[in-house]
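Yeah, the sequence shown ends on 187 if you go by the numbering used here, and it's all consecutive.
Among the hints, a few may not be true.
[Unchecked claim] Derived lysine to any residue pairs resembling SDA-like cross-links, with alpha carbons at most 25 Å apart:
(1) LYS122 / GLY162
(2) LYS168 / ARG114
(3) LYS168 / LEU144
(4) LYS58 / THR119
(5) LYS168 / ILE156
(6) LYS168 / GLN181
(7) LYS161 / THR119
(8) LYS124 / SER113
(9) LYS161 / GLN181
Just so you know, these hints were derived from the structure itself, not from any lab.
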Amino acid sequence: MALILNRFTIGVAAEMEHSPKSKWLTFLFFLASSLAMGYFVFYLVLYAPEFAAGQPMAQADPANIKGPVDTTVMLSRGQAVTVGKIKLTYQGIEGDRIFIDVTLLELDPGYAYRREFDIQEAEKGFWMAEKYFRMVSAGRSVLQIVRVQG
Numbered sequence: 038m039a040l041i042l043n044r045f046t047i048g049v050a051a052e053m054e055h056s057p058k059s060k061w062l063t064f065l066f067f068l069a070s071s072l073a074m075g076y077f078v079f080y081l082v083l084y085a086p087e088f089a090a091g092q093p094m095a096q097a098d099p100a101n102i103k104g105p106v107d108t109t110v111m112l113s114r115g116q117a118v119t120v121g122k123i124k125l126t127y128q129g130i131e132g133d134r135i136f137i138d139v140t141l142l143e144l145d146p147g148y149a150y151r152r153e154f155d156i157q158e159a160e161k162g163f164w165m166a167e168k169y170f171r172m173v174s175a176g177r178s179v180l181q182i183v184r185v186q187g
């Protein structure tokens, strides 16, 4: 009896696989999935403009940014200072270059990104972690920078 039942079940499954009804169900499933994915992508593009807005700001010309000083930051060599969501560590000067380690606290708090700036360019202003800074003074043991509102 079990052998007859198994053959009957296999026969029904094989017949269902090739029936027009199963083809329409498959087509409707993929159509609904495609429409849902299209709506999701459309929603992201329409209602999440901050993904597109962050890029031009980071590439803006520093000469065009004029704003009030937001924060004055004194960095002692080798000591970390937290400014908003970033941690800055002044590493000193070599020749005419300033070295700063930047830690992005939200992204990877255990890794410091080494940034280096020309002293003359740093006096005009520079971007660091999507924030704009200007150097006020630089010495062997202390660096003073100001964060400018953009």
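Here is what the structure says about each hint:
The suggested pairing of LYS122 with GLY162 holds, with an alpha-carbon distance near 20 Å, which does not exceed 25 Å. This hinted pair checks out: LYS168 and ARG114 have alpha carbons roughly 21 Å apart, not beyond 25 Å. Only pairs whose Cα atoms come within 25 Å are accepted, and LYS168 paired with LEU144 is accepted, the gap being roughly 15 Å. With a CA separation close to 64 Å, the supplied pair LYS58 and THR119 exceeds the 25 Å bound.
Restraint check: the Cα-Cα separation between LYS168 and ILE156 comes to about 18 Å, which is no more than 25 Å; the hinted pair holds. For the suggested pair LYS168 and GLN181, the alpha carbons sit about 16 Å apart, so the restraint of at most 25 Å is met. Taken as a hint, the LYS161 and THR119 pair is honoured in the structure, with Cα atoms around 23 Å apart against an allowance of 25 Å. With a C-alpha separation of about 13 Å, the suggested pairing of LYS124 with SER113 holds against the 25 Å cut-off.
A C-alpha spacing of about 14 Å is found between LYS161 and GLN181, which places the hinted pair at or below 25 Å, so the restraint holds.
When the structure is compared with the earlier hints, a violation turns up for hint 4 alone.
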